[in-house]
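Produce the complete structure using the sequences and hints provided.
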Amino acid sequence: MDAAVADVAGLTGSELRHEAKPVEGGSEVDWTLPSGWLSVSGVPLAKAGDPAGQAIDLSPFARDGRLIWRAPEGRWETIAVFSRKVVPSLDPTHPASGRAYTERFFAPFEKVFPGQGGRTLNFFFSDELDFRLPRLIWSERLADEFRARKGYDLRPELAALFVDIGPRTPKVRLDYNDVRVALSEENFFRPVFAWHEARGMIYGCDHGGRGLDVTEFGDYFRTQRWTLGPGND
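Read in order, the letters of the sequence shown are residues -9 to 223 in the working numbering.
Just so you know, nobody snuck in bad clues.
Calculated lysine-lysine pairs in the BS3-like style (CA-CA distance at most 25 Å, straight line):
hint: 1; residue 1: Lys161; residue 2: Lys37
hint: 2; residue 1: Lys75; residue 2: Lys11
hint: 3; residue 1: Lys37; residue 2: Lys11
hint: 4; residue 1: Lys140; residue 2: Lys161
Here are the in silico distance ranges between beta carbons for each label pair:
hint: 5; residue 1: Glu118; residue 2: Pro62; range: 43 to 53 Å
hint: 6; residue 1: Arg163; residue 2: Val102; range: 40 to 50 Å
hint: 7; residue 1: Ile192; residue 2: Pro12; range: 50 to 60 Å
hint: 8; residue 1: Phe95; residue 2: Gly55; range: 38 to 48 Å
hint: 9; residue 1: Arg180; residue 2: Phe113; range: 14 to 24 Å
hint: 10; residue 1: Arg215; residue 2: Val153; range: 24 to 34 Å
hint: 11; residue 1: Ala188; residue 2: Arg53; range: 45 to 55 Å
hint: 12; residue 1: Pro78; residue 2: Asp54; range: 27 to 37 Å
hint: 13; residue 1: Arg74; residue 2: Ile192; range: 34 to 44 Å
hint: 14; residue 1: Arg60; residue 2: Thr205; range: 37 to 47 Å
Think of the hints as simulated: they come from the structure by calculation, not from any bench.
Model, not experiment: these values are computed from the prediction.
C-beta: ideal position from N, C-alpha, C; glycine also.
What follows is the structure in structure tokens.
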């Protein structure tokens, strides 16, 4: 992975993070937002037992990295979402991720042992695969793919990945994870699977959650169906 990240531009990944500031209704917020902010929302704080109210997109009130907004009546929380690069890491949603990983790890064995794939060289094993991006992967490419696949812009609703923004919260979370996992499948897990399958080789794994953490890689079982010998050592 080190070689892949060093050679392929943009393969190092980023994660979404957030900051929150409470505000009482009727008061004015004057907030210097985190650098590189992607969205800022006003979320009404529901009373215990009440459903959450609908969040407000506050990006029109932000200028030059500064939010100035007077909250309506009630209790509110302002949520700013931003991304931070994680070094070292590998973004499995990147279009070159699986190809780069294969070319720099598996393919050199084939060059040393030509014609032995599926014969003497018949098995590779992935032990506790870790992209170092366990939570909310982010890139502008992912945002563009989200719009193309789901038909709406994720950015104004990013707060839903951290807090309850109202009735749309489950949809936003499910849609995000669906796109994240689909891109990971298409760009990392399937290309690695295809390389082994084409050579008649078994690709085994002993990944960290071993199926007990169903959220690993976004969806453990959906991603590990592309491993020819999942299990543990």
